[in-house]
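A.B. asks: Spelled out, the chains give:
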Amino acid sequence: MARPDDNRARRRAAEARAAAEAAEKRRRRIINASIGALLVVVVVALVGGAWWSTKSGKTDGQPSPDAALPQGVMPANDPYAYGVDATKAVAGKPVLSIWEDFQCPACGKFEAAYAPTVMELAKSGAARVIWRPTSFLDSNFPGENSKRAVAAWGCAIDAGKKDEFHQIVFANQPQVEGQGWSNDQLIAFGQQVGIKGDQLVNFQQCVSSGKYTGWSVNSTDAMRSTGVSSTPALYVNGQELPDSALKSPEALKKAVLDAGAPKQ
Amino acid sequence: MSRSNQPHAVTAWIGTAFRLVLAFVLLYAGVAKLFDFETSRQAVLAYRVLPVSMASGVAIGLPALEVLLGLALVLGFAVRWAAAATAVVMLAFIAGIVSVWVRGYSIDCGCFGGGGSVSPEGKDVRYTLEILRDTAFVLMAVWLIVRPVTRLAIPTARPAYSDPTDVDDQDQQGVLDHG
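So the protein sequences, as listed, match chains C and U. Under the numbering used here, think of the first position of the first sequence as 1, with each following residue one higher. Under the numbering used here, think of the first position of the second sequence as 1, with each following residue one higher.
Think of the hints as simulated: they come from the structure by calculation, not from any bench. Any given hint could be a false lead.
What the hints assert, rightly or not - Here are some chain C residues pointing at chain U (derived, C-beta under 10 Å): (1) Gly36; (2) Pro142; (3) Val201; (4) Gln205; (5) Ser208; (6) Ser209; (7) Asn237; (8) Leu241; (9) Asp243.
Stated by the list, open to error - Covered stretches of chain U (chain C as the covering partner; in silico rule of three or more C-beta atoms under 8 Å from a C-beta of chain C): (10) 11-19; (11) 35-41.
For every residue, glycine included, the Cβ atom is placed at its ideal position computed from N, Cα and C.
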């Protein structure tokens with residue numbers, strides 16, 4: 001038997017096998033790469049679709065530069081844009097700014113525990129207190145309860161019931177977060193805090209027409225740009241208050257007063 | 001090919017269950033966040049870990065990654081890689097929750113499309129449950145890293161990393177293998 005022929009045959013068979021395996025490996029690599037590429041394309045398409053649907057959906061979520069603002073509310077170019085002074089602004093005193101969403105349960109609890117201290121600081125002139133409203137929680141629930149509540153507050157500010165309306169909404173947060181308040185309920189709050197006569201007519205119209213919803217949108221947008229992400233968010237002279245300041249009303253008062261006058 | 005390509009039956013079915021659970025969780029979480037960009041961005045900001053400028057990118061990029069991993073897992077494609085990446089994502093979530101917990105914040109973790117302020121009561125319980133849940137996902141992912149072969153998956157080429165003499169690494173369908 002010719003041994004060299006056998007060897008050659010075996011070598012050729014081995015080469016053929018190796019070539020087949022190489023071709024197979026290439027085929028597998030191509031299939032794997034294709035499946036991978038297909039998945040990436042699907043994800044990119046999904047992201048694009050989601051992006052498009054968000055853009056085309058929420059048009060009224062865009063801030064409007066010439067939105068109507070209630071009396072005395074800080075304009076857009078103020079460092080405390082869209083904020084509401086709790087009382088007359090005092091100079092040379094620490095500035096306590098408070099971001100709140102009317103629907104936020106934590107804000108309701110904060111108000112219940114700290115409102116007297118905060119108002120005392122404001123009324124005694126020891127500090128300048130600025131409420132900054134936001135309606136960011138509306139994206140968590142159906143309806144636009146936060147936005148409408150803020151807008152109604154704007155109407156109440158015009159009617160001279162700034163503090164009272166702010167208080168009454170927080171005192172009447174619904175049992176279930178997200179239920180919010182109807183416009184009728186908000187109007188009833190206005191009556192309860194003493195808006196009457198012609199002022200009441202104006203107030204009703206203001207609430208029903210949503211006159212100050214633009215203010216709410218703008219303020220919420222300002223909140224997002226400053227990186228505030230949860231409420232209540234308290235700042236003194238622009239610095240976020242540490243959690244230790246919220247251990248007690250005394251702690252809060254001390255933290256505010258210790259901050260001293262804002263640096264100019 | 002005389003050696004059987006079939007992995008141990010119970011192992012494969014357990015792996016299949018883990019794979020599909022992780023796939024569902026990732027797809028649900030990813031899609032929920034993709035279609036609610038504002039809330040997703042809010043949730044990223046709530047952790048107060050990343051700079052504000054990165055929030056938008058992460059609010060899109062993270063859910064996109066989740067969807068990609070979810071699709072790979074649901075198909076049974078590149079299971080070991082997808083599982084490894086999933087484990088990393090879950091560990092990142094756990095790290096995020098721990099970081100807000102020790103700093104004393106109270107947030108909705110935003111993992112499933114929520115995000116924002118929540119009342120401080122019960123936050124310890126909530127954080128604990130969220131960490132336990134994500135830890136379970138990590139363990140499932142680790143299982144799949146070790147035993148990536150499962151049932152109900154698309155036929156695909158043998159992954160390049162596998163050792164051809166390791167029975168458990170051989171792809172289950174055997175469609176592209178020569179017999």
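A.B. asks: Each of the hints needs a verdict: does it hold here or not?
C.D. replies: Hint check:
no.: 1; hint: Gly36; in the structure: holds, 7 Å
no.: 2; hint: Pro142; in the structure: violated, 13 Å
no.: 3; hint: Val201; in the structure: violated, 36 Å
no.: 4; hint: Gln205; in the structure: violated, 30 Å
no.: 5; hint: Ser208; in the structure: violated, 27 Å
no.: 6; hint: Ser209; in the structure: violated, 25 Å
no.: 7; hint: Asn237; in the structure: violated, 20 Å
no.: 8; hint: Leu241; in the structure: violated, 12 Å
no.: 9; hint: Asp243; in the structure: holds, 5 Å
no.: 10; hint: 11-19; in the structure: violated (count 0)
no.: 11; hint: 35-41; in the structure: holds (count 6)
Checked against the numbered hints above, the structure violates hints 2, 3, 4, 5, 6, 7, 8, 10; every other hint is satisfied.
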